[in-house]
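Produce the entire structure from the sequences given, and follow the hints as far as they go.
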Amino acid sequence: MLQALARLYERRSRDADPARRLPAYGLEDKDIPFVIELNTDGTVVQLRDTRRLDGKKLRAESFLVPQGTKRAVNIAANLLWDTVEYTLGVSGRGNPERVALQHLAYRARIAALSPAAQEDAGLRAVKAFLHMDGEGRPDLAPLQSSPVWAEVLESNAVLSFRLVGDAGLVCQRDVVYRAALASANADDEAASTGLCLVDGAEAPIQRLHGSIRGVWGAQSSGASIVSFNLDAFASYGKTQGANAPVGQRAAFAYTTALNALLDRDSRNRVQVGDSSTVFWADSDEGQTSRFDSEFTLADLFGEPRADNPDRGRDAVKALYEAVRGGKLTVSEGKTRFYVLGLAPNAARLSVRFWLPGVPFAELAPRILRHFDDLKIAPRYDSDPLTPSLFRLLSSLALQGKLDNVPPRLAGEWMRAILEGSPYPAVLLNAAVTRCKAEREVSYLRAAVLKAWLNRDWRRQHPQAQPDHAHHKETLDMEQADSAYRLGRLFATLERIQEFAQPGINATIRDRYYGAASTTPVAVFPTLLRLKNAHLKKLHEGQVVNFEKLIGEILAPLTDFPRHLALPDQGRFALGYYQQRQAFYTRKSEAATEASNDIPPKEA
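Taking the working numbering, I'd label the letters of the sequence shown as residues 31 to 633.
List time: in silico DSSO-like cross-link candidates among lysine-lysine, alpha-carbon distance up to 27 Å:
id	residue 1	residue 2
1	LYS100	LYS60
2	LYS405	LYS357
3	LYS405	LYS431
4	LYS431	LYS466
5	LYS566	LYS578
6	LYS502	LYS347
7	LYS347	LYS357
8	LYS86	LYS60
9	LYS405	LYS502
10	LYS347	LYS405
11	LYS578	LYS567
12	LYS466	LYS502
13	LYS60	LYS87
14	LYS347	LYS364
15	LYS100	LYS268
16	LYS466	LYS405
17	LYS431	LYS86
18	LYS157	LYS60
19	LYS157	LYS100
20	LYS502	LYS578
21	LYS431	LYS87
Derived by calculation from the structure, the hints in this document are not laboratory data.
So, in structure tokens, the structure goes:
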């Protein structure tokens, strides 16, 4: 996994597109909300707010700066950019003694730069502002008069410096930039060397790996994938990075690549439940698939964006045309896709799933099989034909909140899709439970149940075709499964009640769905007797049609089961949904069922 990420970094660090190019070793892209602009004598011109409105939130401008220092509770300053406590030595809530030490560390990083950098006009301005040549403190009066100062102080915001008239920051000035890289190389030489597990070369070993930011639910400051922070994790007397030796440049490469993939604007990430999923493509020919450029896996699995709500549907359509329309080129089919799912786990990250280098020719049919399995007659015209995993998971959660989705469900489901394996059992349990709890078999839940049951059937019948659909998109009159037929029967009995009592507030579904789908023998005899009373209120033509339909449904059944297992409860729900939809579906050769146009008799 780390090797694949390091290769991605090497490729994107040479990318001709500046928007995709990753920073060189020793640098990183950092959002800096506030910049102090200085005159050459160190006096303050203004405290500039770089934030701009992005939707409903303010978003800071991103700058290329020297790579940040790894820190937790220790004091370690960044070079020419850091929080207010480090940069100015003041705080709205911190310990004054600790803040003073932080500011001293910040000044020490600047003083440690090369003599050539010390003569740079920008760095001299910063040193003059900080009074580094004397015992004084920075003059904060010009900053305190700024309307954003209170916010800066309270939030301990990140600050940097810019020389008036410059386009970039002081740390981006040529002499300072070279000195920062030289400082990073000097740290390499001072580190202990060893065999790097990523590239197999002898290299300076990284003691503390950089933080990974952007994983949903993890610490906002970032978390680690490779971390040994307790003696219990040590082996053979080795501590921290020596337990799993990774070279400093390799550690920088994989963390930089992963942070770029997890960036909020990245088109190579999608949130699947609690799993932050990233993906990228690699090819020996140097070419990538159109599904890593024009479309991405985020378009296939992610929630549609407001600016282009049809992008997901178009991506699935393009995938169908590529695979089944014969438009997938040989080089595109050989393109390898990598998929990584990450989830928070205390102070570090856990890997939910890892799909290493699957050729697109193998991955694409698996994705299409997922959408084929989900296909079912929609309830409303607005129902999405290619629903995102976000919507599907929300339909299975209490109150529709992703926080209520079982923790491992999203990751296991995504892995099953990408590997073409049966869906996890917890998915079936979640769908059936929501149907019974809310007494509602919605379009999305029915789609999930159909997909789960079809995959499970193929698991039990390995000789079947990989794309065989045991359960169809619409009502299957030939389906002999008893649980499926009981679901159809329940929908028919509910329909009879609706015709007999127009406008009824609560139907038999509200009172009996849970029991009927679990213990049919305890409910259906009562419902059939109730049905006879309802039929007396209907027109003769309706009675004949409904009696004929009930006879067709019950024909293969010999008795009502005492109990339905969980998969059978899923089949019951699917039969119920499809029978209900059939009542409202207009046939291509005829109009709506005649019985729908005949009013019931008076009671």
